[in-house]
Amino acid sequence: MPDQLIYAMEVSLNGLMAGVMYALVALGFVLIFKASGIFNYAQGVLALFAALTLVGLQNGQVPFAHVINAIFGTDLHHFGWQLPGLVAIALTALVMVGLAILIERLILKHLVNQEPIILFMATIGLAYFLEGLGDVMWGADIKTLDVGLPQGISETIDEVTFNLFGYGFFIDRLDIVATVVAALLVASLTAFSQYTKYGRALRAVADDHQAALSVGISLRFVWVLVWSIAGFVALVAGIMWGSKSGVQFSLSLIALKALPVLMLGGFTSIPGAIVGGLIIGMGEKLFEFFAGPLIGGATENWFAYVLALVFLVIRPQGLFGERIIERV
Amino acid sequence: MFYREAGDFKTSYVDDSQTFPIRFDRMRYYAVLVVGFGIIPFVINDYWANAVFVPFLIYAIAAIGLNILTGYCGQVSLGTGGFMAVGAYACYKLMTGFPEVPILIHVLLAGGVTAGVGVLFGLPSLRIKGFYLAVATLAAQFFLVWLFNKVPWFYNYSASGQITAPERTMFGIAVTGANTPAWAKYLFCAVILFALAWLARNLTRGAVGRKWMAIRDMDIAAEIIGVNPLTTKLTAFAVSSFFIGVAGALFFAVYLGAAEVGEAFGIQKSFLILFMVIIGGLGSLFGSFAGAAFLVLLPVFLKNVLVEGMGWPTDLAAHVELMIVGALIIVFLILEPHGLAQLWRVAKEKLRLWPFPH
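Line by line, the protein sequences are chains A and B.
So the first sequence is numbered by the working numbering: it starts at 7 and just counts up by one.
So the second sequence is numbered by the working numbering: it starts at 932 and just counts up by one.
The reader is advised that the hints may include incorrect statements.
Sample of chain A residues at the chain B side, in silico, Cβ under 7 Å [claimed, not checked]: (1) G43; (2) F45; (3) H72; (4) N75; (5) V118; (6) Q120; (7) A128; (8) G131; (9) L139; (10) D141; (11) N307; (12) W308; (13) V312; (14) L315; (15) F326.
In case anyone wonders, no lab produced these hints; they're calculated from the structure.
Keep in mind that this is a model prediction, so the values were computed, not measured.
Note that beta-carbon positions come from the ideal geometry of N, C-alpha and C, so glycine has one too.
Throw the hints in and build the complete structure from the sequences for me.
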């Protein structure tokens, strides 16, 4: 087999893995958009905030240490304990639920029936707020996140591909874990929304707010629920991205990368988020591989958006989105 | 008592269709002009020009531009930063390529170039609507920033990848470059803002503006009553991009002096200007001014209070500022989703009846 083709295969495999990571963020978007029609820009910052909280809890950092030090002139930084990974994750999940309740109480409750653009702007405000809060609470330095996920090159794949093609593929074991986790997450979310009482309530609200209200479903409870789930998904995404590239501000920018994924897959489809993520991940890696050297590289910054744009011109509702019907 | 139509008799059609039909409004308008052009240029110093007035004037131009597109024509755009970059780089290429031409011509031409690019990226708006379009405009944002980073021709092969504004003059007085007096910067931007705001005001209340609003309110219905969506949407993109391009050119040439594209015209800039439009009020020129003023003054105010007043370290103050801006945006949206312009409208209604509301 020609070398070029083998490299291309490796690149596309890695692209698929990167796509899974995008899809993890996109999932949170889809959940909230389906249940409340809110285009939640803050999803990426939620992931950042979750990762920061997780690291902070695990290392026993004192929250708001900077502010306290600045006001009272003390020198606080750590409680001096180390929590095991699972305990810290559970505690962070609780924090995310608390955050979901606060968001519903303080923001969403007051914005019922506003235009979508207003709700969208509110989530941008929320994103700014959480970004600042995360830094004020836990400090703005780059942190490493380690909850015991395997990292480094996967030797099995290296060996298998070496025997097949005479060239070992480099696949990060973390990416494989992420793929498995994403598959589990999608399966459990689908099962949850199909077979449980609350899952059905969720779908009912997504279908029609007023009809759901009239059969006795509490809209506010469903919103808290869906933001909690989105917070949990954000936590998973935060763990994966944080383990991969460290917990830092740029983590919140992956939210922007999730947008073309959503456009491609359609805003309302969970499988769409996954498929869109895979297409975008593979497309941008392959484009960078083939066309990047010719036009100066770093095409990953924009390729996803242009791909989504071109695709939307052909099919405005995305791959799996609901057909847009317009009437006067 | 003062603010009403009573006693102000219109005797011609010209009088009848003037921009400010109420005398008090007209007086206020002239008063603002007198203060803006007759007093501020004589008392302004470098700090006030650089921290408050020049950014306010430039952001006001950009906000009017985005308001035309988003507020009047209903097309949400997140590509403002990218279009400002087009204006800045077009202005830079023109300034260095044709040094003898007056800077004003360059700034306007830069706006024209941006209008062309805007129309190009506006084409998909015929098929894509709503949030899908908003995300599609991100393609413009990221692609343009990447383009100006990667193609050395745009920054004249300078080693740092930055663009630096050379000194250019208007009527023999430096307007760009390091030796510019504060009042010249201010006056140059103020004159352009005045001209463009006048243009925007008259465009939006004429046939073009009505077509934009028809498309905004319901594009299919507008099409049925004979508004051509192609030309209407594209003129909105063109005019809006022209404004934003002029703002970008001024932002680079007059305000910053030297710019690096990712830093000066990144996605944060797009959001900042969208915030100005939303907080000020969609579909209102006054709102564009108010939103720009609010978001220019807020960081200056917070910085003065937190860093100088309370002695906090700068990075902590920056994070707290982020929190406060975010919280304020939310509070604003909850209390008054139609922005500062709506507060102004309510105040005017009250004023009309004052002091005898019954």
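Now the hints, each set against the structure:
no.: 1; hint: G43; result: violated (10 Å)
no.: 2; hint: F45; result: holds (5 Å)
no.: 3; hint: H72; result: holds (5 Å)
no.: 4; hint: N75; result: violated (9 Å)
no.: 5; hint: V118; result: violated (11 Å)
no.: 6; hint: Q120; result: holds (6 Å)
no.: 7; hint: A128; result: holds (5 Å)
no.: 8; hint: G131; result: holds (3 Å)
no.: 9; hint: L139; result: holds (6 Å)
no.: 10; hint: D141; result: holds (4 Å)
no.: 11; hint: N307; result: holds (5 Å)
no.: 12; hint: W308; result: holds (4 Å)
no.: 13; hint: V312; result: holds (5 Å)
no.: 14; hint: L315; result: holds (4 Å)
no.: 15; hint: F326; result: violated (14 Å)
This entry does not satisfy hints 1, 4, 5, 15, going by the numbered hints stated previously.
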